[in-house]
Amino acid sequence: MNKLKLNYTSLSFLPILVCIPLGYQLINNIHFGGFKLFQEFLISAFNPKIDNEIIITVIKRLNETILIGFFSWLVSIIFGAIFGIISSNIFYKIFNIPNFFYRIIRFFLTIIRSIHEVVWGIILMQIYGINFSIGIIAICIPYIAVNSKVFAEQLETIDYKSFESINQINAPKFSSLLTLIWNPIINTFKNFGLYRLECSIRSTVILGIFGIGGIGTNIFLSFQTLNFRELWTYLWSIAILIILSGLIFKKIKFNTTNKILSIFFIAVFFITILFSFSYFLYFIFNNNFENFNSVSSLFKSSSDLRLFDLLKLILETIILSLLSTGIAISLPPLVIGNFNNNSSKIFIKIFAFLLRLIPTPVILLTLLTFNNPSLSLAALTLGLHNAGITSKLLFTNLDSQDKRNYIAMKSLGISKMTSWLLGLFSQQAKSYLAYCAYRSDIIIRETSIVGVIGSVGLGWQLQESLSSFAWQEVTIVLIAYSSIAIVGELINGKIKNSLT
Amino acid sequence: MNNTVLELENISYKYKNDLILNKINLKINSGEKIALLGKSGSGKTTLISVLNGTIKPTQGEVKLFNKSFEELDRKQKSKITTIWQDLRLIEDLSAEQNVNCGLLAENNFYFAFKNLLNISSFKKAHKYMKLCRLHNSIYDKKIRKLSGGQKQRVAIARSLIQESNILLADEPFNNLDPKLITTIKSLLLENVDKNNTKKFPKTALVALHRLDLLNDFDKVIGIRDGKIFFNIKRNNLKKIHLEKIY
Ligand SMILES: Nc1ncnc2c1ncn2[C@@H]1O[C@H](COP(=O)(O)OP(=O)(O)O)[C@@H](O)[C@H]1O
Ligand SMILES: [Mg+2]
Numbered sequence: 001m002n003k004l005k006l007n008y009t010s011l012s013f014l015p016i017l018v019c020i021p022l023g024y025q026l027i028n029n030i031h032f033g034g035f036k037l038f039q040e041f042l043i044s045a046f047n048p049k050i051d052n053e054i055i056i057t058v059i060k061r062l063n064e065t066i067l068i069g070f071f072s073w074l075v076s077i078i079f080g081a082i083f084g085i086i087s088s089n090i091f092y093k094i095f096n097i098p099n100f101f102y103r104i105i106r107f108f109l110t111i112i113r114s115i116h117e118v119v120w121g122i123i124l125m126q127i128y129g130i131n132f133s134i135g136i137i138a139i140c141i142p143y144i145a146v147n148s149k150v151f152a153e154q155l156e157t158i159d160y161k162s163f164e165s166i167n168q169i170n171a172p173k174f175s176s177l178l179t180l181i182w183n184p185i186i187n188t189f190k191n192f193g194l195y196r197l198e199c200s201i202r203s204t205v206i207l208g209i210f211g212i213g214g215i216g217t218n219i220f221l222s223f224q225t226l227n228f229r230e231l232w233t234y235l236w237s238i239a240i241l242i243i244l245s246g247l248i249f250k251k252i253k254f255n256t257t258n259k260i261l262s263i264f265f266i267a268v269f270f271i272t273i274l275f276s277f278s279y280f281l282y283f284i285f286n287n288n289f290e291n292f293n294s295v296s297s298l299f300k301s302s303s304d305l306r307l308f309d310l311l312k313l314i315l316e317t318i319i320l321s322l323l324s325t326g327i328a329i330s331l332p333p334l335v336i337g338n339f340n341n342n343s344s345k346i347f348i349k350i351f352a353f354l355l356r357l358i359p360t361p362v363i364l365l366t367l368l369t370f371n372n373p374s375l376s377l378a379a380l381t382l383g384l385h386n387a388g389i390t391s392k393l394l395f396t397n398l399d400s401q402d403k404r405n406y407i408a409m410k411s412l413g414i415s416k417m418t419s420w421l422l423g424l425f426s427q428q429a430k431s432y433l434a435y436c437a438y439r440s441d442i443i444i445r446e447t448s449i450v451g452v453i454g455s456v457g458l459g460w461q462l463q464e465s466l467s468s469f470a471w472q473e474v475t476i477v478l479i480a481y482s483s484i485a486i487v488g489e490l491i492n493g494k495i496k497n498s499l500t
Numbered sequence: 001m002n003n004t005v006l007e008l009e010n011i012s013y014k015y016k017n018d019l020i021l022n023k024i025n026l027k028i029n030s031g032e033k034i035a036l037l038g039k040s041g042s043g044k045t046t047l048i049s050v051l052n053g054t055i056k057p058t059q060g061e062v063k064l065f066n067k068s069f070e071e072l073d074r075k076q077k078s079k080i081t082t083i084w085q086d087l088r089l090i091e092d093l094s095a096e097q098n099v100n101c102g103l104l105a106e107n108n109f110y111f112a113f114k115n116l117l118n119i120s121s122f123k124k125a126h127k128y129m130k131l132c133r134l135h136n137s138i139y140d141k142k143i144r145k146l147s148g149g150q151k152q153r154v155a156i157a158r159s160l161i162q163e164s165n166i167l168l169a170d171e172p173f174n175n176l177d178p179k180l181i182t183t184i185k186s187l188l189l190e191n192v193d194k195n196n197t198k199k200f201p202k203t204a205l206v207a208l209h210r211l212d213l214l215n216d217f218d219k220v221i222g223i224r225d226g227k228i229f230f231n232i233k234r235n236n237l238k239k240i241h242l243e244k245i246y
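Quick mapping for you: the protein sequence lines, in order, are chains A and B. For the first sequence, my numbering assigns the number 500 to the last residue and increments by one with no breaks. For the second sequence, my numbering assigns the number 246 to the last residue and increments by one with no breaks.
Keep in mind that the hints were calculated from the coordinates and are not lab data. Wrong hints could be hidden among the right ones.
[Claimed, not checked] Below are the EDC-like pairs computed for lysine to aspartate or glutamate, each with C-alpha atoms no more than 16 Å apart in a straight line: (1) Lys-56/B x Glu-71/B; (2) Lys-173/A x Glu-106/B; (3) Lys-233/B x Glu-32/B; (4) Lys-173/A x Asp-73/B; (5) Lys-33/B x Glu-7/B; (6) Lys-190/A x Asp-73/B; (7) Lys-56/B x Glu-164/A; (8) Lys-63/B x Glu-106/B; (9) Lys-77/B x Glu-164/A; (10) Lys-161/A x Glu-91/B; (11) Lys-56/B x Glu-7/B; (12) Lys-161/A x Asp-92/B; (13) Lys-161/A x Asp-86/B.
Given these sequences and hints, build the entire structure.
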């Protein structure tokens, strides 16, 4: 009876075992040198610097962040939908195009999204120099590919029979296509697309940390100079921005029966497409490719990277991904289930919000105040940040769930924790795990950013190779990255399929 | 003057190892009203899917107006309309939008776009919905919110609005009460409209379960295990015929 059964619920908790090796390494690496700094960092959260000067800086830099975040969101969501359509089965069925092309496009998109926007940003920066539009382009490239995957997945849910019936009406092919994909596209936009704005803003902040415009640059500088009060002013201003953008979208009712609103959306749609194309052409022809010689030397330069080192880095990256995914999966249900009362709930929600808000490089730098850099520390950082994201989803789903089972069990005298587990969480476990599988795709990509700062894995090597213009090494590292991400995505796809 | 519009020549359809249609030969002449009888699982739905080109037979040839499907253009193929047994409506669109989908073949892309934005004209759709006795309170309701009988009639209206020559209907009277069945049956089978305001399909093949609905048909086809057992004038239908297929 007391045997541990492998079901969705236990699978959600099992990954917490990663804490054993993680904790071991962390405890070994502890130091108290930066305790004061850490304390100061925490206290400053309640006492951010507010004066005229910094407010002007915040407004200026936030403006840039909003511009980059908004435009990269808009462009990536529209082109994401378009690529989603041309990488979905339904498109090939209607136009009778061989599936071969479908595989090529999907493979191409998988490679593109396996590389993090920060990496795209750094590469573009090396080629073109610092430039405002690099932020937008760097975010758009992987985001278009990520969004297209989500759109394509939703389009795969179109019933084959409704396709047959529309097909039998023998309408012009584009009419049939539009009629079939309309609702899945609109729904994906509502359920997923709006949330991506928040992601775009976060990505903009992270790009800023790496020197590509916006408020992230100030965050990094204020951390470097240990101006924690200033740092928190910037962090809180981003918090306000994210909360505000969420509220605005909640207010807007996307009513497709409203003529004026429809026409407005269609206008935005086409203007964005036109503008993106013309800008893209302008960007390409108006850059003199200062560093392009170094790109063309890609095949000439010899590499110092030895096979053994590369394998070690790959292994590190995989372990880093696994450890962080373990934390991101198990920590939220563990904490939420154990502290299941109203006041702790608010506290957990605020904490999760902070974990989402503070960019991973900053979390890592903070943790470095009392721990030496290690793979575990990088994993903890990534795990905590992503736990902030998975717990948001878990909270949203738990809050909207029917609580009758839970209440009934509690009234039978079953302990609160057990009632929560069996009455509430067990119904969520499956969809929660499916979401975590998707999340782990993202974690693999994000290992590159903590890698740069925490000096682990391929991310660190990438930074090294990029700063010494060793393009061949860069290529090798990127290929290694893509391969890990592609294999990861394949495994996750299998897991997700078995879950849904 | 037998004018064949739809013809099956030695059609077989295999799914995995099952022979679902077995060497079927069939000629449908212009103006004929045919009842297709057979118990559940006998192959009626499959036969209809072959007739409208949705399923490619494993063997044999389907001819519409004496041409195989590959030779026909879109406009010619749209001369057939189908009422599916499982309706196949688009659940997230409203009833009137679904009916308007029937007009996609004769209109351009812009019409499809306007239909989805809900800004196209629904005049014709409403006319056909009214004929199917659909109340105007459900015109703009999502399909998923309708009852079985309402959905059934939306599917029928979507099919009739195409004003095609040939109608293939797969158990179209499911979910309907007796009074509605009479109305719908006359819509599907009536040759000429007295007021000349609507065009009904001239030729119809209707898969049926119930024998009491056979009047008004010219011909009866009996199918069992994917084989045609009889194909006769309705007046000649005898008990022994029915015993063969049930
Ligand atoms: N998609 C399918 N997959 C497997 N078997 C099918 C499929 N469609 C039909 N069949 C089989 O084909 C036979 C005929 O089915 P069908 O044409 O639906 O008969 P009817 O419409 O007369 O009830 C049945 O035995 C059914 O099990
Ligand atoms: Mg059937």
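Query raised in the report: Hint by hint, which ones does the structure fall short of?
Result: Numbers 6 and 8 - these are the hints that the structure violates, sorted from lowest upward.
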